[in-house]
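For the sequence shown, our numbering gives the first residue as 1, with consecutive numbering after it.
Don't take each hint at face value.
Subject to a maximum C-alpha distance of 25 Å in a straight line, what follows is the list of computed SDA-like cross-link-like pairs (lysine to any residue) [claimed, not checked]:
id	residue 1	residue 2
1	Lys14	Tyr25
2	Lys14	Leu3
3	Lys8	Pro18
4	Lys14	Cys26
5	Lys14	Val4
6	Lys8	Cys20
7	Lys14	Tyr28
8	Lys8	Tyr28
9	Lys8	Phe27
10	Lys14	Met24
11	Lys8	Leu21
12	Lys8	Gly31
13	Lys8	Ser29
14	Lys8	Leu19
If you are wondering where the hints come from, they were derived from the structure by calculation, not from laboratory data. Given the structure is predicted, the values throughout are model-derived calculations rather than measurements.
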Amino acid sequence: MILVPLNKIVFCFKGAVPLCLTLMYCFYSFGR
Numbered sequence: 001m002i003l004v005p006l007n008k009i010v011f012c013f014k015g016a017v018p019l020c021l022t023l024m025y026c027f028y029s030f031g032r
């Protein structure tokens, strides 16, 4: 029961990190 939510959190975290990095990179590039 604990493993399923934990797996979902890890999956969401792994999916959100590249998106955040991409958004930050784009924002930094267009900001200049």
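Now the hints, each set against the structure:
no.	hint	in the structure
1	Lys14 x Tyr25	holds, 17 Å
2	Lys14 x Leu3	holds, 16 Å
3	Lys8 x Pro18	holds, 16 Å
4	Lys14 x Cys26	holds, 19 Å
5	Lys14 x Val4	holds, 15 Å
6	Lys8 x Cys20	holds, 18 Å
7	Lys14 x Tyr28	holds, 22 Å
8	Lys8 x Tyr28	violated, 30 Å
9	Lys8 x Phe27	violated, 28 Å
10	Lys14 x Met24	holds, 16 Å
11	Lys8 x Leu21	holds, 20 Å
12	Lys8 x Gly31	violated, 34 Å
13	Lys8 x Ser29	violated, 32 Å
14	Lys8 x Leu19	holds, 17 Å
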